[in-house]
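Chains A and B are the protein sequences, given in the same order.
Going by our numbering, the first residue of the first sequence is number 1, and it counts up by one from there.
Going by our numbering, the first residue of the second sequence is number 1, and it counts up by one from there.
Worth double-checking, as some hints may not be accurate.
Just so you know, same-sequence chains aren't split out, so a pair can sit in one copy or run between any two.
Said to hold, decoys possible - Under the rule of at most 35 Å between Cα atoms (straight-line distance), these lysine-lysine pairs were calculated in the DSBU-like manner:
id, residue 1, residue 2
1, K161, K59
2, K161, K71
3, K169, K59
4, K169, K62
5, K190, K71
6, K71, K169
7, K59, K71
8, K88, K59
Because the hints were derived from the structure by calculation, they are not lab data.
There are 2 protein chains.
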Amino acid sequence: MLGGPTSLIPHDDINQHRHETWIGVDHGTVYLLDQDIIPVIAVGDYDSLVAAERQQIEKQIKDIRYAQAEKDFTDSQMAALTAFADLKATQVNIFGATGGRIDHELVNLFMMTDPRFQDWLQQVTIIDCFNQITFYPSGNYQLPYQAGYQYLAFANLTPVKNLTLRQVKYELTDFSADNPVSWSSNEFLKDQPARFNFTAGIVAVILSHD
Amino acid sequence: MLGGPTSLIPHDDINQHRHETWIGVDHGTVYLLDQDIIPVIAVGDYDSLVAAERQQIEKQIKDIRYAQAEKDFTDSQMAALTAFADLKATQVNIFGATGGRIDHELVNLFMMTDPRFQDWLQQVTIIDCFNQITFYPSGNYQLPYQAGYQYLAFANLTPVKNLTLRQVKYELTDFSADNPVSWSSNEFLKDQPARFNFTAGIVAVILSHD
Numbered sequence: 001m002l003g004g005p006t007s008l009i010p011h012d013d014i015n016q017h018r019h020e021t022w023i024g025v026d027h028g029t030v031y032l033l034d035q036d037i038i039p040v041i042a043v044g045d046y047d048s049l050v051a052a053e054r055q056q057i058e059k060q061i062k063d064i065r066y067a068q069a070e071k072d073f074t075d076s077q078m079a080a081l082t083a084f085a086d087l088k089a090t091q092v093n094i095f096g097a098t099g100g101r102i103d104h105e106l107v108n109l110f111m112m113t114d115p116r117f118q119d120w121l122q123q124v125t126i127i128d129c130f131n132q133i134t135f136y137p138s139g140n141y142q143l144p145y146q147a148g149y150q151y152l153a154f155a156n157l158t159p160v161k162n163l164t165l166r167q168v169k170y171e172l173t174d175f176s177a178d179n180p181v182s183w184s185s186n187e188f189l190k191d192q193p194a195r196f197n198f199t200a201g202i203v204a205v206i207l208s209h210d
Numbered sequence: 001m002l003g004g005p006t007s008l009i010p011h012d013d014i015n016q017h018r019h020e021t022w023i024g025v026d027h028g029t030v031y032l033l034d035q036d037i038i039p040v041i042a043v044g045d046y047d048s049l050v051a052a053e054r055q056q057i058e059k060q061i062k063d064i065r066y067a068q069a070e071k072d073f074t075d076s077q078m079a080a081l082t083a084f085a086d087l088k089a090t091q092v093n094i095f096g097a098t099g100g101r102i103d104h105e106l107v108n109l110f111m112m113t114d115p116r117f118q119d120w121l122q123q124v125t126i127i128d129c130f131n132q133i134t135f136y137p138s139g140n141y142q143l144p145y146q147a148g149y150q151y152l153a154f155a156n157l158t159p160v161k162n163l164t165l166r167q168v169k170y171e172l173t174d175f176s177a178d179n180p181v182s183w184s185s186n187e188f189l190k191d192q193p194a195r196f197n198f199t200a201g202i203v204a205v206i207l208s209h210d
């Protein structure tokens, strides 16, 4: 749980996940404690927290890792790294990653394009009230039909080669470019999986609803 | 004015700009009319609008351009193109571009990396309640100190070469990478301009506050 605006956190989802293993990042840790979820690890510099919030964290959480402002990894990268390397996570769902400050949001969106995170590229999902984002390296994919999401988008976050979209409302064939593009407002065909493939780059798949 | 969540639109700013030339895009057109601002042009497919809203637009706006769902340009790209090519704008401020659906937000953020928009790269600013985003091609820049923004970030939206940051809290020297990175949470030095330069790529500068 990162420290993004709480208005974008899907509270029902959090409740369903409450018995899983949580890592709190900065103000996200306070949010978790407020929901009676005690993260196994807290990460951050806690700069933006008031004294009472810091005390609450220090009292309730055993493993607190203090990040430094000038460092190789951002708080959210450090949290993801901790999840995979220390907790041996096979799937990491990231909440509180979107909205508010766009520099922070882009840190989280671009994180999975960092070569240091390539091993875990397909094990991360960013989730908020409107969006569910997953990441793919080059390859050939079939995405199961998801009834709850009206819109389906593909965004090459890096240069991409031969991006092809099939079994979707708007098909695309062999798109290559050096600049990122968000192919927005596409849609699943009813009850059919979407298919996509590309030969180089990293593509984010964004499922969303209004 | 694009159709993003109105909660992120800085209403005071809009009021200050009310006598400028406006283009409304989809639901952004309704927002403008609600503020008693009549855009000179409306662009969109108006799919998401109710009949009363469509009628209001048709009654009040002389130049209405109907975009098609399957097309070379998104609504927001078409609006920017219209501003530059038809209205000969020298500066375009984009509101309603952030929040809500991330596929839409990325369309707007990535738009200025499109080769077709390179001539106008430095004439666009994306503005919401928390952020002000501008775009730069390779070169050597000096950014005036801005007291109102606590945070200063640099994000290479494309591959970048030799990105160097000077006269900022956290300096960076000759960073090159093929993946995008959001260098977040940097800060101006008091009363000093920030300096940055790079030799290839497109960099977004994000000024933000909490």
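We went through each hint and held it up to the structure:
For the homomeric pair K161 and K59, neither the shortest alpha-carbon distance inside one copy (51 Å) nor that between copies (46 Å) is at most 35 Å. In this assembly of identical chains, the alpha carbons of K161 and K71 lie at most 35 Å apart whether taken from the same copy (33 Å) or from different copies (21 Å). In this assembly of identical chains, K169 and K59 lie within 35 Å of each other by CA distance solely across copies; the values are 33 Å between and 52 Å within a copy. In this assembly of identical chains, the alpha carbons of K169 and K62 lie at most 35 Å apart only when taken from different copies (32 Å versus 50 Å within one copy).
Proximity of K190 and K71 under a CA criterion of 35 Å is satisfied inter-copy only: 22 Å between copies versus 47 Å inside one chain copy. Only between protomers do K71 and K169 lie at most 35 Å apart by alpha-carbon distance; the minimum there is 13 Å, versus 44 Å within a single protomer. Proximity of K59 and K71 under a CA criterion of 35 Å is satisfied intra-copy only: 27 Å inside one chain copy versus 57 Å between copies. For a Cα distance limit of 35 Å, the shortest separation of K88 from K59 inside one copy, 26 Å, qualifies, whereas the shortest one across copies, 61 Å, does not.
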